[in-house]
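Student: Make the full structure from the sequences, and use the hints.
For the protein sequence lines, the chains are A, B, C and D, in the order given. Read the first sequence against the working numbering and you will find it ends at 304, with the numbers running on by one and no gaps. Read the second sequence against the working numbering and you will find it ends at 304, with the numbers running on by one and no gaps. Read the third sequence against the working numbering and you will find it ends at 304, with the numbers running on by one and no gaps. Read the fourth sequence against the working numbering and you will find it ends at 304, with the numbers running on by one and no gaps.
Chain copies aren't distinguished; within one or between two, either way the pair holds.
Below, in silico cross-link-like pairs of lysine-lysine (BS3-like), each with a Cα-Cα straight-line distance of 25 Å or less:
no.	residue 1	residue 2
1	K267	K126
2	K299	K94
3	K267	K158
4	K226	K86
Keep in mind that the hints were calculated from the coordinates and are not lab data.
Protein chains: 4
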Amino acid sequence: MRFGEATNWRMETQLNEQIAGMAIQPSNPTEIDADIVFSALPADQAVGTEEAFAEAGFTVVSNASAHRMDADVPLMNPEANFNHLKLIDEQRHKRKWDGALVTNPNCTTAVLSLSLKPIFDTFGLKNVVMSSMQAASGAGYPGVASLDIIDNVIPFIKDEEEKVQRETQKILGDVGHSAGFNISASCHRVAVIDGHTEAIFIQTVRPSTSEQVVDCMAEFAAEPQKLKLPSAPTRPIIVRSEQDRPQPRFDRNEGRGMSVVVGRVRKDPVFDGVKYVALGHNTVRGAAGCAVLIAESMKSQGYI
Amino acid sequence: MRFGEATNWRMETQLNEQIAGMAIQPSNPTEIDADIVFSALPADQAVGTEEAFAEAGFTVVSNASAHRMDADVPLMNPEANFNHLKLIDEQRHKRKWDGALVTNPNCTTAVLSLSLKPIFDTFGLKNVVMSSMQAASGAGYPGVASLDIIDNVIPFIKDEEEKVQRETQKILGDVGHSAGFNISASCHRVAVIDGHTEAIFIQTVRPSTSEQVVDCMAEFAAEPQKLKLPSAPTRPIIVRSEQDRPQPRFDRNEGRGMSVVVGRVRKDPVFDGVKYVALGHNTVRGAAGCAVLIAESMKSQGYI
Amino acid sequence: MRFGEATNWRMETQLNEQIAGMAIQPSNPTEIDADIVFSALPADQAVGTEEAFAEAGFTVVSNASAHRMDADVPLMNPEANFNHLKLIDEQRHKRKWDGALVTNPNCTTAVLSLSLKPIFDTFGLKNVVMSSMQAASGAGYPGVASLDIIDNVIPFIKDEEEKVQRETQKILGDVGHSAGFNISASCHRVAVIDGHTEAIFIQTVRPSTSEQVVDCMAEFAAEPQKLKLPSAPTRPIIVRSEQDRPQPRFDRNEGRGMSVVVGRVRKDPVFDGVKYVALGHNTVRGAAGCAVLIAESMKSQGYI
Amino acid sequence: MRFGEATNWRMETQLNEQIAGMAIQPSNPTEIDADIVFSALPADQAVGTEEAFAEAGFTVVSNASAHRMDADVPLMNPEANFNHLKLIDEQRHKRKWDGALVTNPNCTTAVLSLSLKPIFDTFGLKNVVMSSMQAASGAGYPGVASLDIIDNVIPFIKDEEEKVQRETQKILGDVGHSAGFNISASCHRVAVIDGHTEAIFIQTVRPSTSEQVVDCMAEFAAEPQKLKLPSAPTRPIIVRSEQDRPQPRFDRNEGRGMSVVVGRVRKDPVFDGVKYVALGHNTVRGAAGCAVLIAESMKSQGYI
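Tutor: Here it is, written out as structure tokens:
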């Protein structure tokens with residue numbers, strides 16, 4: 001079967017004919033001819049299948065949640081923890097495989113952790129409270145029923161808060177260590193197609209002003225930018241000064257969906273820190289785009 | 001001109017013919033024959049007009065923000081601070097009025113402060129972080145443009161966060177005193193017709209568990225319930241145990257729009273407190289319904 | 001299992017506890033103790049099951065499409081074809097049943113046929129063109145994916161146009177005869193929760209003006225009104241004179257969802273007839289409410 | 001004042017800095033230095049202002065409705081009536097001006113008339129019935145209130161049906177003559193950002209089958225394609241064979257918003273003709289894009 005027949009294509013760009021013509025193959029390492037395998041398997045099916053590919057020598061970049069918290073599996077948001085790639089060496093040594101298994105974060109975590117990275121590096125983080133307004137596309141297709149979301153908000157996304165809380169700590173921590181701050185998330189679904197909006201309240205270890213936080217975010221660049229990786233946005237974090245931005249419909253495609261757009265950076269009276277709003281494209285920065293950037297990062301470091 | 005001609009009626013209930021036939025009168029105390037005046041004036045026009053009515057002996061219950069923080073003006077959310085009515089005595093004495101001027105809270109504050117009241121009474125409050133997902137009707141008509149909210153979130157509502165932060169403190173404090181906890185709000189507009197949803201994270205003064213917080217909310221009743229005031233809901237706070245409630249479309253009309261519906265009460269890892277989601281009907285509990293309940297409360301205490 | 005456990009209740013009214021406590025029973029005539037059976041089975045499961053109940057002596061009122069076009073099965077929209085009830089006598093005689101099988105129309109047909117009835121009776125109908133804007137609830141739950149309908153229109157509903165075209169003819173025709181006009185439908189799904197809106201263009205047999213059409217619709221009443229059946233709306237068709245009505249959110253609950261609301265009756269330049277917009281609640285007039293009114297109609301005529 | 005300050009930019013593409021920096025000038029021919037003037041004035045302000053510019057020698061391409069039906073003003077949808085450009089000669093002669101005033105059609109008309117053009121040329125048209133589902137952006141900004149369109153349909157757009165009915169006749173007719181078919185429109189607003197969807201039912205003069213209509217549409221190309229004008233889409237009409245297309249969110253950007261996408265071409269039982277669904281981008285093909293294509297057409301013929 002061809003991909004064009006197997007898929008129910010629901011994108012605003014038309015399906016490319018060459019891609020539509022690609023043959024669907026079983027998820028079996030012996031039948032696949034590829035250097036890199038991108039896994040979008042459901043979590044329960046990812047277990048076993050992904051390891052089998054890595055053991056067979058494939059580089060597996062996975063969007064599944066199954067292995068994200070495994071101690072020897074890098075959980076990569078490249079601008080936030082490029083150095084975690086070195087965990088691949090340990091993984092290969094320990095598991096005695098030539099391939100590799102690397103994961104990308106949950107979509108909400110991808111946006112949050114990237115926005116926090118320059119603040120964490122500059123001021124340290126003590127407490128993070130995050131309340132999300134997430135897009136319907138995060139639930140896949142058909143996903144969220146229209147009868148559930150038109151004129152409505154769903155204040156629950158299964159396992160999402162737990163993922164955000166633990167993954168953010170792993171990404172921002174040193175290899176093998178949690179970042180060690182407190183974090184609390186409340187996750188909600190709203191009537192938006194693409195783009196997760198997050199209201200973030202933080203307490204830093206060292207004193208920080210809104211201006212300082214804006215500056216460290218706006219100036220932030222990391223290895224993917226320095227290496228000019230093809231999918232790396234010029235500016236990983238774009239800070240807007242308008243009082244009513246970011247907004248999903250107008251900002252989600254910044255950096256071809258790879259930039260996080262931040263706005264409303266202002267003083268927070270509870271933490272004597274700052275609060276701000278961050279937005280990122282959940283299926284690009286939060287999924288497929290991040291996976292591709294991970295593969296580019298791995299290639300740049302000789303892991304592929 | 002008749003009310004039916006002056007208004008662009010945009011409600012899901014049809015306009016009552018008797019009300020449609022009422023004559024529009026100038027906002028002049030000498031031309032109005034009434035016991036109670038409900039003010040829905042814009043803040044700048046409320047200044048002066050509302051005082052003129054109170055001075056002329058009218059009981060003014062105002063939905064305008066202009067006088068909410070005036071020291072001798074009660075800011076009433078009746079189940080949360082019924083005892084603040086006594087401030088009317090001071091107001092009358094000081095201003096030498098026979099009438100009175102009482103205000104209701106901002107819509108977001110009305111929901112938040114009611115949900116916090118039993119927790120505040122039982123455990124004390126140290127820190128409150130609130131992130132809202134507010135309905136379009138909060139901006140009036142025509143209000144929010146469809147081009148701004150379809151497939152979008154607007155992460156800004158003018159002056160809203162400041163109102164929520166200060167009004168909540170006045171309502172929950174003793175007469176003349178702020179409640180004295182820290183509070184931070186981030187306010188956002190979503191594609192919902194009616195019903196404000198709020199993600200709330202709290203730290204209590206005395207230790208509290210999720211179960212204890214659920215219990216004190218579910219059992220909460222106040223003077224309006226004891227006095228069986230006509231607009232008082234049987235249960236001011238309804239706690240739901242489903243993992244995905246409250247939701248605006250399904251819960252906003254509870255208690256004829258006067259109940260706040262709470263769900264997802266769970267442990268908060270940042271504050272070692274609880275987090276929960278609260279929902280209330282912004283134009284009923286958060287505006288007109290609250291104003292009527294205030295008037296009923298005043299009448300019950302002999303102020304009208 | 002109890003109904004409250006079996007159902008995923010997605011209504012704006014809370015599930016009544018008594019109903020929630022009712023036991024789910026197999027669809028087997030020998031295990032059901034009831035006078036009337038309302039069938040909401042999928043079309044393929046309705047075949048056989050519905051007949052088994054009717055044969056066992058039950059009165060079956062079905063919302064399924066399976067038997068609507070059967071020659072000896074009444075397809076009832078009570079105000080439009082009350083006299084079709086007499087087909088039950090033929091059905092019982094032919095099938096040797098004590099029970100009966102009666103069907104209600106497709107939701108779009110229910111609205112269209114009721115709006116056409118007084119025009120058909122007064123002026124005759126030669127041509128009918130109908131273009132619909134249908135609510136998501138018509139597809140059931142979960143039904144229409146939010147990713148398919150937010151910021152979108154779906155210009156296709158499987159089998160809907162065929163149903164509308166043939167069912168309307170059966171309802172408005174004499175017993176056993178098609179009504180004999182030409183009819184063409186184009187059916188579309190829009191981002192509305194409840195309420196089907198239909199743009200209707202008609203050519204009458206005898207000359208008709210907009211005013212005459214408005215009059216015959218506004219004055220229309222039929223047997224359910226004369227018999228004051230409990231579910232019959234006082235006015236089956238409500239004609240509004242505002243230039244921008246009917247609208248689903250504001251008009252769908254008229255007559256407790258049983259009235260069809262018509263507006264914009266105006267001259268049609270193609271047919272030298274009239275065009276108008278009709279709206280009805282698809283899950284009340286177009287489904288459950290119509291089924292109950294059918295049962296009430298049957299009882300009034302001694303068929304139950 | 002700069003354009004960037006004067007505008008409330010609400011587009012999904014960011015405002016280009018060069019354009020943002022352009023100075024706002026009064027609408028006075030003596031102060032403007034340009035070859036072509038695009039007018040987006042309200043109809044009442046277009047009267048007089050547009051003539052003044054044309055008289056002063058400017059080529060005015062207007063999106064305003066004011067002059068569309070003037071006998072000596074071309075109403076251009078370039079692929080549908082390229083030859084109407086010659087009316088400029090008559091206009092210049094009669095009005096004794098060096099400039100020119102040319103108009104583009106109403107947005108709904110632009111989509112309809114382009115889809116009808118190949119059918120009209122091939123089979124002739126006798127009757128056209130059109131029912132639209134129009135996007136919010138057609139009403140400008142702020143335009144449609146969110147409280148009017150969320151979970152709703154507005155079955156009325158002021159003057160729209162009259163515009164569609166008369167403009168389509170002018171465009172498809174010979175210069176100075178109406179096309180001479182009957183046409184009836186019913187126009188409705190739905191919760192879509194961009195893209196007008198139209199259900200179209202037609203009777204042709206000469207017999208036509210669905211297959212023939214599909215063929216003549218799919219093969220259609222006109223002067224703008226032959227001249228390879230920069231804004232001309234390769235295929236002015238794209239016919240899709242899926243049963244559920246076109247859909248605004250997925251098809252509105254075809255041909256960079258300049259193509260009309262047609263689907264569901266099928267037999268119509270009323271007219272013994274065909275019915276189909278057409279979709280076009282209302283602010284591109286239906287407004288700005290069409291205006292630019294008109295200017296390109298004029299330049300290609302030496303009128304600029």
